[in-house]
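Enquirer: Sequence:
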Amino acid sequence: MTLRTAGRWFVWGLVALVLVYFGAAAAMSAWPAPGFSTPADGSPEAARAQGLSLEQVYPFEERHFTMRDGERLYARHFAAEGPPLTLLLVHGMTGESSQFNRTAGLLREATGAEVYAVDLRGHGESGGRAGDVDHIGQYEEDVVDVITALKEKDPGRALILSGHSMGGGIAQRYAQLPDSPVVDGYLLYAPLLGFGAPTTRTEPNADPDGEEPWVKVDVPRIIGLSMLNVVGVTGLNALTTAVCHVTESARVGEYSFRSLVGTAPQSYVAGVQAIDAPLLLVVGSEDEAFLADEYAPLVAAHARVPGRVEVVEGASHNGVHHDPRSVALVADWLSGLGFSKQAAVAAGS
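The sequence shown lines up with residues 28 to 376 when you count with the numbering used here.
These aren't lab readings, by the way, just hints derived from the structure by calculation.
Ranges between beta-carbon positions, derived for each pair:
#1 G183 - T65: 46 to 56 Å
#2 G365 - T65: 48 to 58 Å
#3 D181 - G363: 16 to 26 Å
#4 T175 - P61: 30 to 40 Å
#5 R99 - V209: 21 to 31 Å
#6 D320 - D181: 33 to 43 Å
#7 R95 - P225: 29 to 39 Å
#8 P61 - E321: 24 to 34 Å
#9 G62 - G183: 47 to 57 Å
#10 P71 - R352: 19 to 29 Å
#11 T93 - H162: 11 to 21 Å
A virtual CB, placed ideally from N, CA and C, is assigned to each residue, including glycine.
Taking the hints into account, I'd like the entire structure generated from these sequences.
Expert: Structure, rendered in structure tokens:
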């Protein structure tokens, strides 16, 4: 075989490889999104069975934050006169700040800190497209903009970034940003550490009847779109890659590829290692989405700073953040960091 012939075979082989690559990526990207065989139960009884707290027991003030692209996020503000401390709560998948009313009120009562609960872009009463973002990473960019606004409003206040489930994954992505505003601690409730993390169940199930998983992920489509993104093809990133078992009236029922990728760090090890401030991680022993016992060894093995992991016996995935025992754990943790309600009251008397 001549050198010229060998060169031709190489070129044709390379072309064939490229065609196979793109063909496989396209085929997997076209994989149909999964669905559910039964409609979701939207009754108050079903919500309580899932640990959701929807009652608006505690009064709050409405706040709005303007993002760098002009979009506005909605937040609920629970004002307080305790220690100079702000807790920023970020909800989980399909959630919104209204689900944190009880959590925010209990935390304010126990710690004296002011609390903000924010609706992520496309969720609750915030602007944006439901279950979608403009680009991968926009969720954590929005958290940057909210925290920046809070620090500009009151530079002397400490701030704890808190996230539940998907919100905990976004908090880790925030920690990975090189220029994100410094926070004074991370409070994570049953956080999504990454889709390959030891904490993640194969089929997370939050349905009380246990018949279908609460969220279904289109794995073939994710693989195909990831292959396309590797070579710079991002035009299909708006395709749905996850569907959730929620009622038709819910604002968010599915997530695009670019939004789903932005809900957790690419590497669970890197996500945990990025946290450079005190960490409290609280999870219920009966968590339906994640394996509670896997958090402590993972944090112990990879955390850069001492991380405290607490398992609340009997608590569920959605119920853990408003469980009174969790609230007591947070108050104790904050007191150890120097943010004590009693000390603030004594100083002001």
